[in-house]
Amino acid sequence: MSFNPLTEKGIPLDRQIRNWRELDVEPIDPDDADPYTKCRIITMNAIEVESVFFCHHLNRFCTDRAIREQLAHSRYIEQQQQKVVNWLLPGTQSVLETTISYEQQAVDLTAWLARNEPDPYLKQSYDFGVLEDFDHLYRYANLYEIIEHRQAEKIVDGLTEVMPGRPTKWEHRHPVDNVRDPYDKDSVDPRSKLHTLTLVAAEQQVMNLYMNVGPLAMEPIARRLYQEIALIEEEHVTHYESLMDPRESWWERLVLHEYNECYLYYSFMQQEPDPKVRAIWELHLNMELEHLRLAADLMRRLDGRDPEEIVPRGIPETVVFEPNKAYLRELLNTQIDLTTLGAGYVREAHERFQRMQETIHGGQEPPSEQVIEEHRVRFGGHDYRLQTEGEHPDPRLQQRPVTARA
Amino acid sequence: MDDQRTAATPDEDVVELLLHRHGEIRNLFDEVRTTEGDARREAFGRLVRLLAVHETAEEELVHPLARTTVPGGEGVVADRLAEERRAKEALAQLEELGPGEPRFLPLLDTLRRAVLEHARAEERYEFVKLAQETDPATRQSLAAAIRAAETVAPTRPHPGVESASAGSMAAVVDRVRDAVRRASAGSG
Amino acid sequence: MPAVSDLSSVIAATTQWLLHAYPTTGRAFSAELARAQARQAVTVACWLRYPDPADVALLMLLGPGGAARLDEIAGTDTTEADTAWRTWVDEVAASWAACLLADPELAADAVDALAPGTHIAGRPVDFRRLTAPEELDRGAAVLLRHPDLLAPVADLHRASLLDLLGTAREAA
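Residue numbers (numbering that gives the first Met the number 0), protein chains in the order written: chain D, 0 to 405; chain V, 0 to 187; chain S, 0 to 171.
Since the hints were derived computationally from the structure, they do not count as laboratory data.
None of these values were measured; they are calculated from a predicted model.
One should not assume that every hint holds.
[Stated by the list, open to error] Some but not every residue of chain V turned toward chain S, in silico, with C-beta under 7 Å: (1) E94; (2) A147; (3) V151; (4) A152; (5) H157.
Note that the Cβ used here is the ideal one computed from N, Cα and C, for glycine as well.
Same shape as in the complex, but just chain D (with noise of 0.2 Å):
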């Protein structure tokens, strides 16, 4: 029998208040740790924060005071949820380090859920994204061995190449073409409404690291590449939560944020080897489901409909956290040279986006180009890659042959 969200028990609410002594959780070995693992703690902390700061709306919206207050109760328990998942990351990690498996993350992640995606709108929309986090990824790469003399194969393992995606400065987009079409909440596949709402919340959170540690930053070329990339996450929330329908009720988004929460906690729970950490993650699934019970209650009340309506009928294929290299070496080869155009796909440089290039690059190269040429310069004309499978398939974007310098 598989199992289903919406009809499990889970445990009280009134018993889910944790003391000091549960919620000071031993953090994970920075240099032993599974990156995947690395990878679970980042997204399910970004599903705590996107559930947490959507809840924190709703109660502006909501004029319902017993509502509010139950709300009041579930949003601390994912406060504290939120503080025991992301506390599972040691403070011996560096920032950047943090950085580069919140960018494993987003491109595994997002490689994953574009491969199980069943709307072609959809999958064109993650396919053009993760090749934007693919070369955060490696811009970063390239920052940490010129800042902490070590190699981002140290971080990921082997499991997610390092080399150039969509080359950064060519994402920097006029924002109205950041601005997708919604999918319809009546018609579409319910895991796709799944899929997007994950990205949302990830990629909000990768933007929401990037605009707070950013300035923490001394060393000038961190600053600034900081400071670009969080433009584009910001181009990214745009992206991903344009999809989203618009015409959804505040209850039928409850349901799908707290089942959402349910089925990431249970995949998760599947895949993780780290039985510290898995035993966090069937907590948490035990406490989500009590949330989506309510938040079913909230929905068949407030909007008169059933919640099984919204959700998929039993639980999904679990999202699994694995190598990507070959899908993502596919659409190196076929979607680099792809932009937007208002809500489509196009492969010209259309006049909206090179007046934005122009504007946003004030005739410099900008800083995610800046970082790699200082690599070049400090480690023998070389940039920083990890090809696990072989050159990068775009001949354009292949290591450039070292010059002698005169």
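Using the hints provided, position chains V and S relative to the given structure of chain D.
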């Protein structure tokens, strides 16, 4: 120092140099963990040497500057010195044990985490402030001083001297120096 | 390259000579702990002996003299092939360093007497391996810090060191 990838540059900043050393130390820990037999023994030898040289240089040159220029530097440095002492004791214990012993790896892991925490604490509470409170020229001269402290004995003879049996030049140096001093004192 | 840093080869070679003459009895880590102490002693000695750039320039011109007399005194077997570095050894610095290693109090005086300026460039320096050795340091440097064993080398130029420190103390 086996360090081809980061040749000294005249404008090298001490914070940058120290971050590189921290990265190298962490890489070496990984190497010791992931190798076996003679390779592990050899990597451990390099780790011991790098750690000892690096910690001494920090203690000699970096901490004193932090102590006097960084607000609260005295306390910050005292914490770091205590961590360094503990790390040294663990290192001595590990060496005593030898890489072949079953207890070697767990103890190495404990040391690895302690050294990583120590390095991060330096980076966050000491180096960041050092970079704020000192000018680039000071940081560059500090980097040069650290490089000098890491210098190993030359493998080529002093120019013009074919062997060590050239006799004591000390007296010659002293005589010439005295002559120069007298000359400059007379003209001044 | 600034003249001051040219001292580093002399310091490294003189340190090496002391370590060869007074080897550690422990393993690699002990050897490193001993090296740190010897290097700090030699550094202080060199900075005292060559306080300004003119001194260093002169040293580079004439050469530091080499280890011949030291090897004779210490009875070193110099038939080995690696003699090149021995030409960089400074006999007086080695002797002064031996004095400092044998007597941490004298070492502390010597550190106090270092002229501010050339070598330190206004930066504080902490030679605590030399002046305040801990148990591990002492254990690693039993021979290197043994006054009786150091005496033949220390005696060579002890008088000039005490002279210099006496003058410095009076001046202070």
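(message) Take the shortest C-beta to C-beta distance between H157(V) and chain S; is it under 7 Å?
(response) Hint holds; H157(V) Cβ to chain S Cβ min 4 Å, cut 7 Å.
(message) The hint names V151(V) as touching chain S; please verify it with the least Cβ-Cβ distance against 7 Å.
(response) 6 Å, holds
(request) Answer holds if the nearest beta-carbon of chain S is closer than 7 Å to that of A152(V); otherwise answer violated. (result) 4 Å, holds
(request) Would you check whether A147(V) satisfies its interface hint, that is, whether its CB is within less than 7 Å of any CB in chain S? (result) For A147(V), the interface hint holds, since the closest Cβ of chain S sits about 4 Å away, which is under 7 Å.
(request) Against chain S, run the beta carbon of E94(V) and see if the smallest gap drops under 7 Å. (result) 5 Å, holds
The structure shown violates none of the earlier numbered hints.
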